[in-house]
Amino acid sequence: MSKKYDTPLLDELEKGPWPSFVTEMKKAAARSEMANDELGQLEKSYRTKRGYWKHGGIVGVLGYGGGVIGRYSSLPDEFPGVAHFHTVRINQPSGWFYTTKALREICDIWDKYGSGLTNLHGSTGDLVLLGTTTENLEPLFAEYSSRGWDLGGSGSAMRTPSCCIGPARCEWANIDTLEICYQMTQKFQDELHRPAFPYKFKIKVAGCAVDCVASIARADCSIIGTWKGKIEIDQDAVQWYAKNGMDIKAEIVDMCPTACISYDGTNLSIDDDNCSRCMHCISKMTKALKPTGEKGATILIGSKAPIVVGSLMSWVIVPFMKLEPPYDELEELIRKMIEWWDDNAKPRERIGELIEARGMREFLEAIGVPPQPQQVFEPRKDPFFFWKDEDLTKE
Amino acid sequence: MSKKYDTPLLDELEKGPWPSFVTEMKKAAARSEMANDELGQLEKSYRTKRGYWKHGGIVGVLGYGGGVIGRYSSLPDEFPGVAHFHTVRINQPSGWFYTTKALREICDIWDKYGSGLTNLHGSTGDLVLLGTTTENLEPLFAEYSSRGWDLGGSGSAMRTPSCCIGPARCEWANIDTLEICYQMTQKFQDELHRPAFPYKFKIKVAGCAVDCVASIARADCSIIGTWKGKIEIDQDAVQWYAKNGMDIKAEIVDMCPTACISYDGTNLSIDDDNCSRCMHCISKMTKALKPTGEKGATILIGSKAPIVVGSLMSWVIVPFMKLEPPYDELEELIRKMIEWWDDNAKPRERIGELIEARGMREFLEAIGVPPQPQQVFEPRKDPFFFWKDEDLTKE
Amino acid sequence: MALPQRQTDIGPPHYKQFLPPVIEKNYGQWKYHERIDAGTMVHVAESGDKVYTVRVASPRLLSTDTIRDMLDVADKYCDGYIRFTSRNNVEFMTADESKVEPLKKELKDRGYTIGGIGPRITNVVHTQGWVHCHSACTDASGLVKAMMDELYEYFTEKELPAKVRLALACCVNMCGAVHCSDIAVVAVHRKVPVIDHDKIKDMCEIPTTVAACPTRAISPDPAKKSIKIKDEKCMYCGNCFTVCPPIEIHNPEHDGVAIVVGGKIGSLRTGPKFSKLAIPFFYNEPPRWPKVVAAIKNILEVYAKNARKHERLGEWVERIGWERFFKLTGIEFTYQHIDDFTFMRDTLRTSAAFKW
Amino acid sequence: MALPQRQTDIGPPHYKQFLPPVIEKNYGQWKYHERIDAGTMVHVAESGDKVYTVRVASPRLLSTDTIRDMLDVADKYCDGYIRFTSRNNVEFMTADESKVEPLKKELKDRGYTIGGIGPRITNVVHTQGWVHCHSACTDASGLVKAMMDELYEYFTEKELPAKVRLALACCVNMCGAVHCSDIAVVAVHRKVPVIDHDKIKDMCEIPTTVAACPTRAISPDPAKKSIKIKDEKCMYCGNCFTVCPPIEIHNPEHDGVAIVVGGKIGSLRTGPKFSKLAIPFFYNEPPRWPKVVAAIKNILEVYAKNARKHERLGEWVERIGWERFFKLTGIEFTYQHIDDFTFMRDTLRTSAAFKW
Ligand code: SRM
Ligand code: SRM
Ligand code: SRM
Ligand code: SRM
Ligand code: SF4
Ligand code: SF4
Ligand code: SF4
Ligand code: SF4
Ligand code: SF4
Ligand code: SF4
Ligand code: SF4
Ligand code: SF4
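Chains as they are written, first to last, in my numbering: chain A, -15 to 379; chain B, -15 to 379; chain C, 163 to 518; chain D, 163 to 518.
Just so you know, these hints were derived from the structure itself, not from any lab. Among these hints, one or two may not hold up.
Unchecked claim - When the alpha-carbon atoms are kept at most 16 Å apart in a straight line, the in silico EDC-like pairs for lysine to aspartate or glutamate are as follows:
1. B:Lys171 - C:Asp171
2. D:Lys392 - B:Asp373
3. B:Lys11 - C:Asp231
4. A:Lys330 - D:Glu367
5. C:Lys193 - B:Glu17
6. A:Lys171 - D:Asp171
7. B:Lys212 - B:Asp231
8. D:Lys193 - A:Asp373
Claimed, not checked - Under 10 Å between C-beta atoms, here's a sample of chain B residues computed to sit facing chain A:
9. Val292
10. Val293
11. Ser295
12. Arg364
13. Lys365
14. Asp366
15. Phe370
These numbers were taken from a predicted model, which means no experiment stands behind them. For glycine and all other residues, C-beta sits at the position ideal for the given N, C-alpha and C.
Using the sequences and the accompanying hints, generate a full structural model.
See below:
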């Protein structure tokens, strides 16, 4: 494809050291009419300070209700290449590992059916293919699915789960994030491809409280690895850190949120009972400190973006759950949550919002989890609380 | 009066070392029919676990709409002495100081017209006279007012202001709490005696952030003394504390919320710029530390009890105001607040609730106070904020 | 006998006429104070003058007899001045050191309780209870008396890590300072109010009554010219009863009290804090509410044992975490503890860090 | 050409087939890691095996050309394996220490930017912008590019007190991680939407549209068979536009972006935090949004200068207080900063202790 548009404003964004998306678009534009018109329309947006996309229409592949975001230009005559410019969400493999062979295949198919532009990856985690037409969707899907790739989620459905790198390369993983992510994705295939929920439902799995996949902020169900046991201390390694310039008092002892670490200049000691497993000391002295004992996860529920009554972060529901293959207990818990949500939510009401509307008790009772102090930062401040008849007779 | 009722349950409460209100009631009962029946009715309450008072009716003295809480027994036949059992609120002098002469006079009049029972004092601060009849109200008021005593507030009115002991006996007072309390009481006499507000409005004045009159929790308008300047340090006195057993590091340095104190074993120093004037160090080392510089007060608004959407504590509105006689600036500010409240509130809506309903901006604009970071712990967390046309054109 | 001429809108007498001379003289010129014992302190003025204060417990509900008795003491030792504190204690002040011990002796001889100064329990801020208020669902003075009998030595003697403020309110109107107290008792209902439809017609405005309900549990019932209450929405606040007496909220069988803890008022160190629910319910057990008293004592003693010096109860709990508070005190955590009202968002735990 | 047989509900390929052999072998058996430089780290397994990771920046919006180029590098040095991070960087891994330097050299030669590891800025989590989303009121990729050009050395080299997570969302739907980021940009509207009454008839359900408004600004307008908006209640969230496109929220003249700061996600030390509003508005100034970029740099550098080691931006601000943050950064405090929405109660200051 030859250059179709002058893009003086976008050209500015090829300058500077950070890799340029404009350069990427131009590369694709050199081969794709769609990418070319995308570039032209974007230049216009830069001039007029507004986008030119219509609300998405419903498009997709046979038998699926999601995985494709329909997108149409509001200026199809001016930019016919983006008259249709749908994105396809390909469900990424756990942990975003690829062989070059697999990814090359993905590129080849995409060049055949789409704009040649991608997002590696989308915010939810999918491998996002940016820009194709309605008629290309079926063949594209046939090519991908026959090679073992499936679509990710969109709409009011289970969304593509994602996870941190966990045991694959991280010494702090308490759970097998990649396998949990894979298994949950498989268990919820139907819910992922056929939107039947009140709204979206996202799962993210992090191996520890460092939460490298932002699960506590961006997943309706956040699964965060943790442990019950002592932090094992290698005192030689402590000394190694001391000798290599670490101010153990300032950086470790004083920064422990529970003030449960002490250090006498030679030996570090931790009052494990009072440790909240925040991961600070471990992350800063990884050679010296190692959690031991039972491994499992904390299950939290409800985070989401601010539309419409302010962002939520996920709330601790199950302080500790052992997570071992085949992860049926976890699946069952999630199904119970979804069932309650599905039965009670209004359209476009996330599970966190529903819990807020109905109160934690109803939710806990529905999923069969008892009240526990770990679920709250602090108890309620007002004297207004409900009693059920069964509570009154219980005493 | 001879003993009229057996009070086996209440008698239990004459045992034990803490001074007994039952003994007080019995003393009064020995002279007063009203107190006698009060005792009888209370014993019945102890037996049946419920009160026997009707909702208060409106009673009072001529020309006043408040100062008396009407109270009638729901068992007037059984306990005729408390058929009427109204309380009279006498506006206490600032700081609850009395001469024995004055207080004796108060007792004498009360014995003449009432039950002989009092509360010294009520929660709002009034000298509370507990139990009289409707027909006694006028003579009682004539006697008190002719001797310089006036009624306190009740109902939807300015309530009796109160204050901590402040400059009368406390080295930490930054403002003249007693005089401010007196002056505000005088300036708002009409509003205090003739309920015309949407609901109650309480003023409490504390000399410093220690807040010995609980203003931040129990006053619609909390006035809390503070300063702008350095904390002067008497190093000899610091050493005196060290020698007298104070662990300065643990008790002072480590407990300073802004970590702005340091101590080298001999000298204490304070980074005044980072001090939040919390009063901890000063209160623990009063001989050694003294605030200097400009004195004034922080004005906070809105605290109240939990009915109906949870308790509020007062919010910082004016971080610093100089407070000097005749306190017109303060009066004017309070009048502006009340005016806005009066114009906009539903019945039984406190000013804090109204601010919550309408947003802080409207309130600040109405009273002419600019937005300042001191008014918040932190800025908003969501991206939803209003713009007025004037803001848009301003830029 | 003719009544004297009444006056109006004169306000209270000016406090100046009631200030002891040493206070008037050194007004605003105090330099420091020292605590002498649990009930005595001295304030020293820039001028070198001193004023000694002896603090005495009061049941607050006082007969004029007892007041006169106190006045006699004040006449004898305090030049005819007396003062009450913001927590209803009585303060006897003298500039003359030699009078302090005789004053204390006389107070003791007359049966008064000296104390309440320093890191101790002082008087309980409380309300009317069955003594005077139609809204009360427990008694105030009685429960306070039972409590303070048990905690007596923390007033007269024993030190705590810091001041511990107790309060009690006999209904959720909370005329006491319950919502910001270290340990407090608040009386609560647990049953939906019962409506007297006949009386409503005459006594209540329907729209006002409907509007009074914070949870929108009330709606008009035009057929009955009354209102109806959606049971599962009512959290028994009694606000409907306040505006419309025929909506009876009292239910002696199911009324009782809750214990809240961890509040504070001063801005020292950590700033004012609301109290939080510790124990959602106890039945009323007059005259001595033994279970309530025992529960308060337990909380107090666990605090006393574990907190650091100068650390208020709420500060201690926040340092160790509420999960630890429940463990240390052995208090059961229930659905009622989980906020489902105004502060729900801020109180649910949004962190993977907590203690077992 | 015949298409291959399509499959459904197969889910993603199992990740195991994509794991480099050293990772498969040592899966779950890592002992520790060390940072070698701004873009290189090594993880050491219990077995003694090591894996070196070189991290490379990505604009996320990638052409297949560039992807193929990366794959060539991975074939040459990484046995044909490649990985992407949760923040869209690319990771090249090898078990062979001798390959690390040549790998880095080749990456640099091909124009890649190495960095993003350790206490630095890493890739910006962002969204579609004008490139693809109908809802965008700023561009995402362009503003991110402008930002990162300016902050480049904080990715490739310079250390900060701790990790600083940047994010950008092109509308308040916030598909990025803006609400919990150290510094983030979110695009906002400032004008009440304009209603196309003709189109509403056909395209929207009135009840759904009315219900979509969080502030109850929308009510039905039966006369027009449309809806009406109460201007003073609308805070321009655009939720009505999402459910009903003829309610046009876009207004290029008045749209722009806000900067929020102080959020974090991990539970380390102080737990997850929401970002808070720092600067309520900047006009869109494509292609380089110079004022936005300068403001971000200013905040970053004030933080870098003042925070303690390991202290995240939000932790630093909370330690010094927001009043101090505004002073140090020179940012003006406006009405917009004061919460008048869900968290109003918790954010208004209820303490007499604060800094001037
Ligand atoms: C592609 C992606 C952004 C990106 O550039 O990466 C995206 C794009 C859109 N999001 Fe999103 N969201 C994407 C991740 C997110 C995330 C982040 C996450 O999942 O971790 C969030 C915040 C977390 C959350 O779920 O709350 C997010 C919160 C939203 C919301 C607000 C939902 C809410 O309940 O608050 C909407 C609005 C809606 O659903 O109507 C939304 C809606 C949209 C729509 C479908 C626009 C719309 O109104 O219909 C966008 C389509 C853009 C387009 O044309 O390409 N998107 N969206 C992300 C999905 C890629 C992927 O599958 O990997
Ligand atoms: C006497 C006193 C309690 C005491 O034993 O000391 C008292 C007693 C009553 N209060 Fe109170 N309040 C008293 C101080 C308070 C305080 C504390 C304070 O002022 O520092 C509060 C909490 C702070 C506040 O104002 O929010 C308080 C919050 C209430 C409320 C809840 C108001 C609210 O907006 O949340 C009510 C209910 C109402 O107004 O309908 C209330 C209502 C009442 C009524 C009038 C009952 C009613 O529903 O009509 C009580 C009359 C009792 C009686 O028959 O004697 N009382 N009331 C206090 C006044 C004595 C005095 O004048 O000195
Ligand atoms: C007399 C009184 C003021 C009055 O106008 O009546 C008063 C007087 C003093 N208070 Fe207070 N406070 C008085 C009620 C309060 C209140 C209000 C309340 O409890 O409702 C508070 C707020 C309580 C809270 O934060 O919850 C209060 C919190 C303090 C504190 C802060 C304690 C802390 O560390 O948090 C101090 C400083 C200290 O103890 O080091 C203090 C210190 C003082 C000093 C030392 C101030 C001084 O230099 O004179 C006074 C005597 C000390 C003592 O009693 O130990 N005063 N003090 C009040 C006595 C009530 C009583 O009978 O016990
Ligand atoms: C590769 C990646 C996981 C993945 O599955 O992709 C990852 C990998 C590691 N993270 Fe992370 N984190 C990754 C996203 C995150 C996220 C998520 C996010 O930013 O959206 C967070 C939460 C951020 C937050 O709290 O706001 C995150 C917060 C951390 C922290 C905590 C920093 C802190 O002190 O608050 C550490 C510990 C540290 O730095 O000492 C950490 C440490 C690590 C370690 C050292 C863990 C390990 O032993 O392997 C890994 C490499 C260190 C590094 O990059 O400096 N990682 N890390 C992600 C790389 C993203 C990128 O391209 O830069
Ligand atoms: S969340 Fe924990 S286990 Fe997962 S990559 Fe980050 S540090 Fe490792
Ligand atoms: S994990 Fe956190 S709480 Fe536990 S010892 Fe380490 S720093 Fe302290
Ligand atoms: S509030 Fe301050 S000035 Fe007033 S008595 Fe208490 S410590 Fe003294
Ligand atoms: S007043 Fe408070 S903040 Fe200021 S130095 Fe003393 S302890 Fe620190
Ligand atoms: S708390 Fe309730 S019952 Fe007690 S005095 Fe106040 S209004 Fe009456
Ligand atoms: S008691 Fe409270 S919640 Fe229940 S109906 Fe009455 S006003 Fe509503
Ligand atoms: S943040 Fe808004 S504009 Fe940007 S991709 Fe998400 S929905 Fe679209
Ligand atoms: S933009 Fe938001 S606040 Fe405004 S009318 Fe639409 S939904 Fe309501």
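Task: Interface hint outcome for Lys365 (chain B) [beta carbon to chain A under 10 Å] - done: holds, 6 Å
Open item on the list: Take the shortest C-beta to C-beta distance between Asp366 (chain B) and chain A; is it under 10 Å?
Closed with: Cβ of Asp366 (chain B) sits 4 Å from chain A, so the hint holds.
TODO: Given the hint that Lys171 (chain A) pairs with Asp171 (chain D), test it: the Cα-Cα distance must not exceed 16 Å.
DONE: With a Cα-Cα distance of about 10 Å, the restraint between Lys171 (chain A) and Asp171 (chain D) holds, given a limit of 16 Å.
Task: Given pair status - Glu367 (chain D), Lys330 (chain A), alpha carbons within 16 Å - done: holds, 15 Å
Open item on the list: Check whether the Cα positions of Lys392 (chain D) and Asp373 (chain B) lie no farther apart than 16 Å.
Closed with: This hinted pair holds, its Cα atoms lying about 15 Å apart.
TODO: Report holds or violated for the interface hint on Phe370 (chain B), using the least CB-CB distance to chain A and a cut-off of 10 Å.
DONE: violated, 15 Å
Task: Pairwise hint evaluation, Asp231 (chain C) against Lys11 (chain B), where the allowed Cα distance is 16 Å at most - done: holds, 12 Å
- [ ] Measure nothing beyond the straight line between the CA atoms of Lys193 (chain D) and Asp373 (chain A); if it is 16 Å or shorter, mark the hint as holding.
- [x] violated, 54 Å
TODO: Have a go at the Ser295 (chain B) hint: is there a Cβ in chain A nearer than 10 Å to its own Cβ?
DONE: Interface hint status for Ser295 (chain B): holds (7 Å vs cutoff 10 Å).
Task: chain A contact restraint for Val293 (chain B) - C-beta distance below 10 Å - done: holds, 8 Å
Task: Interface hint outcome for Val292 (chain B) [beta carbon to chain A under 10 Å] - done: holds, 9 Å
- [ ] Starting from Lys212 (chain B), check that the Cα of Asp231 (chain B) is at most 16 Å away, please.
- [x] violated, 28 Å
Hints 5, 7, 8, 15 from the earlier list are contradicted by this structure; the remaining hints agree with it.
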